[in-house]
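*Asks:* Take a look at the letters that make up each chain.
2 protein chains.
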Amino acid sequence: MSLKFEVLKKTGKTRLGKLHTKHGTIDTPAFMPVGTAGTVKAMMPESVASTGAQILLGNTYHLMLRPGADLVEKMGGLHKFMNWDKPILTDSGGFQVMSLSGLRKLTEEGVTFKSHVDGKKFFLTPEKSMEIQHKLDSNITMCLDECTPYPATYTQAQDSMKMSMRWAKRSKEAFVDREGYGLFGIQQGNVFEDLRQESADKLREIGFDGYAIGGLAVGEGQEEMFKVLDYAPSMLPEDKPRYLMGVGRPDDIVGAVLRGVDMFDCVMPTRSGRTAQAFTKYGTVNIRNARHREDHRPLAEGCSCPLCQNYSRAYLHHLQKCNEVLAIMLLTWHNIQYYQDLMKGLRNAIQEDKLQAFADEFYANQAKGDIDPL
Amino acid sequence: MSLKFEVLKKTGKTRLGKLHTKHGTIDTPAFMPVGTAGTVKAMMPESVASTGAQILLGNTYHLMLRPGADLVEKMGGLHKFMNWDKPILTDSGGFQVMSLSGLRKLTEEGVTFKSHVDGKKFFLTPEKSMEIQHKLDSNITMCLDECTPYPATYTQAQDSMKMSMRWAKRSKEAFVDREGYGLFGIQQGNVFEDLRQESADKLREIGFDGYAIGGLAVGEGQEEMFKVLDYAPSMLPEDKPRYLMGVGRPDDIVGAVLRGVDMFDCVMPTRSGRTAQAFTKYGTVNIRNARHREDHRPLAEGCSCPLCQNYSRAYLHHLQKCNEVLAIMLLTWHNIQYYQDLMKGLRNAIQEDKLQAFADEFYANQAKGDIDPL
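Protein sequence lines, in the order shown, are assigned to chains S and W.
The opening residue of the first sequence carries number 1 in the working numbering; numbering runs sequentially from there.
The opening residue of the second sequence carries number 1 in the working numbering; numbering runs sequentially from there.
Be a bit skeptical, because a hint or two may be false.
Dumping the calculated DSS-like pairs for lysine-lysine here, alpha-carbon to alpha-carbon at most 25 angstroms [said to hold, decoys possible]: (1) W:Lys162 <-> W:Lys105; (2) S:Lys74 <-> S:Lys22; (3) S:Lys321 <-> W:Lys114; (4) W:Lys120 <-> S:Lys321; (5) S:Lys135 <-> W:Lys321; (6) W:Lys80 <-> W:Lys18; (7) W:Lys128 <-> W:Lys80; (8) S:Lys321 <-> W:Lys121; (9) W:Lys9 <-> W:Lys354; (10) W:Lys4 <-> W:Lys169; (11) S:Lys121 <-> W:Lys354; (12) W:Lys135 <-> W:Lys121; (13) S:Lys74 <-> W:Lys321; (14) W:Lys18 <-> S:Lys321; (15) W:Lys74 <-> S:Lys321; (16) W:Lys172 <-> W:Lys4; (17) W:Lys80 <-> S:Lys321.
Hints are computed from structural coordinates only; laboratory data are not their basis.
This one's a predicted model, so the numbers in the text were calculated from it and none came from an experiment.
Please take these sequences and the hints and turn them into a complete structure.
*Replies:* Written as structure tokens, this is what we have:
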């Protein structure tokens, strides 16, 4: 166990924590911007850091294809390669193999797939995934698992979870323990409570630095996801961080924090930055809408990002209409800032024993559903 | 005359100068990055300023189509709209009407054209161009002229130049003089020395704050251009800035500075930043080339841009191969930095009476033609 996690405070199921790694400390609850191919799309890493982000997620699948783990290792690891000196978490590659690559074949040994870039064949196993993430110098390595498709029958979910647990054991055995680096197990079991419990017990038996809740946000919807989150986090050890993979929208995150989750990642803020969708306290807004054409106001009052500090909605609208790169740069920055401010707000609220009031106000504002509520 | 220009020093035909505007001073010789539609593509304005750029060029044609001059005026002018508080020069719109728009019809009164964006019809006259540039709040307004096509017969060049001179007079009459703002005339006459002289005499008679050399860099090649620049700049007033429009490559600029030109603009550094072309002291290099794949070194030793300070060639190569936005952001920044450093080098060399030695070394390095000369 080589990552230290402190729980500073508890409110209901929610925890305020600090996760210590070789490259720095992460205040939890935390949101990790996604830096798929060694870059948070359209942002300089110093800009990402300026939003308050303390950890990035890198995608093992993308990085193993381009530029390759050996090259990243040769270049001094992912931190140095991409000029990000804070912590990095890498996923195992398994999820993207399922969602992006072609011609997959899954066996007990591992998964064979063809690269979506050039069709080249790869064979990924738990051991291989550990080796790649080691070469990337990832602070938080994720076990290779199978993300069970949704919907799945009980038997499918059970078989898939059991194999993931066998892979978790192999991942643990292959992982090279170092001070300031850690390995997270991933709970599976789909929407079946007894399978989630069985998975949690198995992971606890193997022992990890942190525990992810996998197989959610794959199409089941928020209601179904929250049902699982009502019981799943508390099945996992109290003294370790809990990470809900690939989640999510701001209201997903607030709901999950209330249910005891500590860490999140999602492409939503960056992807939305490339499709003119802005996150605001009153919900999302499409900046291409003609109502913004002559609007002097900043996108969001009180936001500290450069877009809101220095530009009008009219200017952003203009950039979007002209498909200017600066539109993507500014809006991505704003969206990441929004997510980080939300996490900071949550952490402050826990600290000040005002979490429920914070959440109530958050949901009331989101329900207004318009950037300029009446 | 509402722009003050100081010639601080002369070396041969070359001048070291300062041009004072309401929004700040421009050290000449100067290169103006192009901010076509109210943004230097893929750069934050503070990043542009950090390279040493003291003035930007905005394109009247693009801005009159989107978002429209009235809107920019309503938003407080182009400086405020795009968050650039230093000087701005706008072209007249004439050149882009010829190169980008559809269905043009040129008469003595003006030019009718169809927008390349939505096919909407516009009628641009010298008076209209002055009005638009006034609304944009441009510090340096350019007269509307016809950029004579190349090649042209003597008679074509003569007729075109004469009409441009009549338009120059109309531009002057329509221009609203204000302190810290100025109007530049544009010399035409193609490659014919007597026509260039006639044009210069006519412009001098009308009287402007500065004088551009127009109708070059339109396909005639560097040799032909330098032949014109051997005589054209000295036909223009000694005490006013001379601006070579749309030029150019670094070796064009050094040659033109030696021939007495003070100001330049070109899309080359920004456009190249979007096509993986990097400017270096040893010429251009395509960063997609496989030789950069495992190269630890920065693109250019001694360059102060973030790309060269914080990243390897291997990383930039990787970003380019993945078509990441950050590749465009970093390379554009580097290219603009290269151009500004070149201008600074030229200014320092004039100051220190080492211009010829500077130019000799510059051309010797460029002749090596490889980023890693033997």
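*Asks:* Evaluate each hint against the coordinates.
*Replies:* Hint by hint, here is what the structure shows:
1. Only pairs whose Cα atoms come within 25 angstroms are accepted, and lysine 162 of chain W paired with lysine 105 of chain W is accepted, the gap being roughly 18 angstroms.
2. For the suggested pair lysine 74 of chain S and lysine 22 of chain S, the alpha carbons sit about 20 angstroms apart, so the restraint of at most 25 angstroms is met.
3. Proximity of lysine 321 of chain S to lysine 114 of chain W is assessed by CA-CA distance (about 19 angstroms); at most 25 angstroms being required, the pair is judged to hold.
4. The suggested pairing of lysine 120 of chain W with lysine 321 of chain S holds, with an alpha-carbon distance near 16 angstroms, which does not exceed 25 angstroms.
5. A threshold of 25 angstroms between alpha carbons decides the hint, and for lysine 135 of chain S with lysine 321 of chain W the separation of about 21 angstroms falls inside it, so the pair holds.
6. A hinted pair counts as satisfied when its Cα atoms are at most 25 angstroms apart, and lysine 80 of chain W with lysine 18 of chain W qualifies at roughly 24 angstroms.
7. Of the pairs offered as hints, the one joining lysine 128 of chain W and lysine 80 of chain W holds, with about 22 angstroms between alpha carbons and a cut-off of 25 angstroms not exceeded.
8. Using a Cα cut-off of 25 angstroms, the hinted pair lysine 321 of chain S and lysine 121 of chain W holds, with the two alpha carbons roughly 19 angstroms apart.
9. Distance hint between lysine 9 of chain W and lysine 354 of chain W is fulfilled; the C-alpha atoms sit about 13 angstroms from each other, no more than 25 angstroms.
10. Among the hinted pairs, lysine 4 of chain W with lysine 169 of chain W is consistent with the structure: their alpha-carbon atoms are about 21 angstroms apart, no more than 25 angstroms.
11. At roughly 59 angstroms between alpha-carbon atoms, lysine 121 of chain S and lysine 354 of chain W are farther apart than 25 angstroms, so this suggested pair is violated.
12. For the hint linking lysine 135 of chain W to lysine 121 of chain W, the alpha-carbon distance of about 20 angstroms falls within 25 angstroms, and the restraint holds.
13. Restraint check for lysine 74 of chain S and lysine 321 of chain W: the C-alpha separation of about 18 angstroms stays at or below 25 angstroms, so the hint holds.
14. Using a Cα cut-off of 25 angstroms, the hinted pair lysine 18 of chain W and lysine 321 of chain S is violated, with the two alpha carbons roughly 37 angstroms apart.
15. Between lysine 74 of chain W and lysine 321 of chain S, the direct Cα distance comes to roughly 18 angstroms. Compliance with the 25 angstroms bound is thereby established for this hinted pair.
16. Taking the CA atoms of lysine 172 of chain W and lysine 4 of chain W, the gap is near 18 angstroms; set against the 25 angstroms cutoff, the hint holds.
17. Only pairs whose Cα atoms come within 25 angstroms are accepted, and lysine 80 of chain W paired with lysine 321 of chain S is accepted, the gap being roughly 19 angstroms.
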